[in-house]
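Undergrad: Sequence:
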Amino acid sequence: MAKLRIAGTWVGVIDLELENWTVAMLREEVAKRSNAQRPDSINLISAGKVLKDGDGSQNLTQLGIRNNAKILATRVSVDEGKSLEQELMAEEERSRRLARVKAAATALSKRHVDGSLPIEDFNIELENQGGQKVQLGTETDQRAVMMGLMLHENAKNLLTRQLYKDALEVLTMGEEAFSLCDPKVLEFIDNVPILQIDMVWCYFLLRDISWLSVAGIRLEKAREGLERCHGKDFSRVRLLQAGCQPELALHMRLELLEGVVAYHNGQLDKSKKALTSAQAKFSQLQVPDEALSHVMSMGFKERDARRALRLNNQDIRRAVDFLFEEKTKRKQKREDDIRHRTEIMELKQYGVTPLKKAVNVEKLKELVAIGFEKELAAEALRRNENDFQKALDDLTNPGCSAIQIDIESRKRKREQRAVNARIEELVSMGFDRSRVVVVVQAGETMEQTMSRLLSEFDPLQAFEANSSGNPASEASNLNPDSVEGPSTADEERDVEMEDELARDIGKADALSDYDIEVTKEGEAIQEYLALLASTDSKDALSSC
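According to my numbering, the stretch in the sequence shown is residues 36 to 579, in order.
If you're looking for bench data, these hints aren't it; they were derived computationally from the structure.
Since the model is a prediction, treat every value here as computed from it, not as a measurement.
C-beta atoms are modelled at their ideal positions from N, C-alpha and C, and glycine is treated no differently.
Incorrect hints may appear among the rest.
What the hints assert, rightly or not - Computed beta-carbon distance windows for the label pairs:
#1 Q72 / Q97: 25 to 33 Å
#2 L240 / G301: 20 to 28 Å
#3 E450 / P218: 37 to 45 Å
Said to hold, decoys possible - The list that follows gives simulated cross-link-like pairs (lysine-lysine, DSS-like), each with its CA atoms no further than 25 Å apart:
#4 K267 / K305
#5 K391 / K409
#6 K256 / K307
#7 K137 / K392
#8 K364 / K336
#9 K256 / K267
#10 K364 / K392
#11 K409 / K448
#12 K366 / K145
#13 K366 / K392
#14 K542 / K137
#15 K366 / K336
#16 K398 / K425
#17 K336 / K368
#18 K267 / K307
#19 K448 / K383
#20 K145 / K398
#21 K391 / K137
#22 K368 / K542
Throw the hints in and build the complete structure from the sequences for me.
TA: Printed below as a string of structure tokens:
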């Protein structure tokens with residue numbers, strides 16, 4: 036027999052058997068002893084955690100409660116109790132979602148960096164601001180940067196939806212991901228400084244003063260990083276972006292936050308200087324109605340026109356040129372995406388190397404350019420783990436007929452899988468399996484097969500066959516899983532979350548980090564300039 040010491044709404048000791056008692060039983064006992072009419076009006080807290088009934092399968096021992104443990108019992112209204120329970124459930128759901136985000140980003144970055152055959156019909160690659168693919172350091176560096184970028188894009192999506200706490204959590208994950216990369220590699224990209232600014236922006240939106248000291252350090256690092264990447268006069272970034280001024284809104288946000296931190300640290304002169312500079316940049320970012328109307332009259336949407344004018348210092352001609360360039364880039368991206376999807380579908384037919392990597396497209400193109408047949412070249416690379424020289428040796432070897440035999444074998448297996456899939460699809464429609472096997476193996480098209488089966492379809496016979504519970508048939512030895520193919524290794528995936536991350540990065544472009552809607556920033560600048568003015572007035576009155 037164990038003892039639990041109860042404090043709070045009722046004070047005393049309860050003798051019980053921890054192995055046989057549940058939280059619900061303990062709650063009911065405390066409610067009875069404290070004369071509470073309803074057990075659900077009692078909250079039980081142990082070691083700082085609220086004890087929940089759960090499904091009633093766990094006893095107190097399994098929940099970590101020991102002999103002589105202290106339990107705090109509090110009484111709440113039923114509505115308050117339900118509200119607390121709902122809050123706890125919401126927090127648990129939030130934690131689960133954040134864990135899913137991190138796991139999905141980890142899985143995607145691993146698959147799309149290590150050369151594995153993409154499971155999806157897209158491939159994620161790192162690009163510079165000019166849209167060219169880049170190779171940053173080692174495979175580990177590539178994976179860290181890709182994961183950090185995915186998490187950053189997801190956080191920006193959460194910021195847009197005003198889920199500031201969640202956004203901060205995801206930004207912290209992104210920072211952790213970037214920290215796994217070689218610092219020398221990170222010196223060449225501005226993504227980390229921008230992430231630092233976004234983290235401090237979250238602190239501000241949450242109005243969390245406890246982050247003040249950390250915010251100052253983050254902003255210092257952000258400014259150093261931006262100056263290193265953009266140049267002190269922004270010349271580098273403007274050269275990359277053909278003379279447009281994408282960085283203005285980002286630097287305005289940076290100066291605003293520097294002014295806020297300085298104000299709360301009592302550095303009023305520094306705060307005023309930063310906020311005044313931010314206000315000047317904010318004024319530059321205001322789009323005149325006449326310019327907006329002029330650009331929209333050319334057929335562009337308001338959001339696109341406003342963005343183009345803001346990024347090009349309100350210059351109408353350059354804004355229009357920018358919009359046409361963006362349109363051309365989007366068209367090119369759609370064509371590239373189609374080409375990438377086609378390449379991926381083709382790669383899936385070639386299968387994977389012994390180490391589960393995809394056939395290297397660039398090396399395959401080289402072999403084809405030399406004059407080798409594409410399928411033969413792909414199989415040679417697949418067998419040799421994408422070693423170009425070994426693949427070339429195999430292809431020039433008189434005994435390379437073995438490669439052709441393997442190709443034919445793999446082709447037969449792919450065809451067999453397709454046949455099996457068609458059989459299962461038709462059987463699921465209610466057709467007799469034995470008849471389906473005969474008709475499908477005749478090699479007709481799906482339309483012809485359906486037409487023949489429908490002409491001899493007997494619904495009553497099909498119902499009896501499906502009700503008999505005997506799935507055995509001539510197709511029993513045609514299980515698609517029994518045929519080896521180029522499919523990737525089975526792994527449990529969070530498809531929903533991976534698709535969400537992919538959508539986030541799919542919407543981004545080279546200027547997404549600089550494309551900031553500055554309304555909230557403008558309000559914050561006015562708020563803190565007013566606070567500074569109020570402080571100056573008080574000082575003036577004091578001196579009188």
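Undergrad: Hint by hint, note whether the structure agrees.
TA: Checked hints:
1. A beta carbon spacing of about 29 Å between Q72 and Q97 agrees with the range 25 to 33 Å that was offered as a hint.
2. A hinted range of 20 to 28 Å holds for the C-beta pair L240 and G301, which are about 23 Å apart.
3. Checking the proposed 37 to 45 Å range against E450 and P218 shows it is violated: the Cβ atoms sit about 52 Å from each other.
4. A threshold of 25 Å between alpha carbons decides the hint, and for K267 with K305 the separation of about 19 Å falls inside it, so the pair holds.
5. Under the criterion of a C-alpha separation no larger than 25 Å, the hint pairing K391 with K409 is consistent with the structure, at around 20 Å.
6. Distance check on the hinted pair: K256 and K307 sit about 21 Å apart at the alpha-carbon level, within 25 Å; holds.
7. With a C-alpha separation of about 24 Å, the suggested pair K137 and K392 falls inside the 25 Å cut-off, and the hint holds.
8. Under the criterion of a C-alpha separation no larger than 25 Å, the hint pairing K364 with K336 is consistent with the structure, at around 17 Å.
9. For the hint linking K256 to K267, the alpha-carbon distance of about 14 Å falls within 25 Å, and the restraint holds.
10. At most 25 Å may separate the alpha-carbon atoms for a hinted pair to count; K364 and K392 exceed this at roughly 31 Å.
11. Straight-line distance between C-alpha atoms of K409 and K448 comes to about 19 Å, which keeps the hinted pair within the 25 Å bound.
12. Distance hint between K366 and K145 is unfulfilled; the C-alpha atoms sit about 29 Å from each other, more than 25 Å.
13. The suggested pairing of K366 with K392 is violated, with an alpha-carbon distance near 31 Å, which exceeds 25 Å.
14. Pair hint K542 plus K137 holds up; C-alpha atoms about 20 Å apart against a cutoff of 25 Å.
15. Annotation: proposed proximity of K366 to K336 holds, straight-line Cα distance about 17 Å (limit 25 Å).
16. Proposed proximity of K398 and K425 is supported: the alpha carbons are some 12 Å apart, at most 25 Å.
17. Taking the CA atoms of K336 and K368, the gap is about 20 Å. The hint holds against a cut of 25 Å.
18. Among the hinted pairs, K267 with K307 is consistent with the structure: their alpha-carbon atoms are about 21 Å apart, no more than 25 Å.
19. Taken as a hint, the K448 and K383 pair is honoured in the structure, with Cα atoms around 13 Å apart against an allowance of 25 Å.
20. Taking the CA atoms of K145 and K398, the gap is about 22 Å. The hint holds against a cut of 25 Å.
21. Our distance criterion of 25 Å between C-alpha atoms is met by K391 and K137, whose separation comes to about 24 Å.
22. With a C-alpha separation of about 11 Å, the suggested pairing of K368 with K542 holds against the 25 Å cut-off.
Hint violations for this structure: numbers 3, 10, 12 and 13, all remaining hints satisfied.
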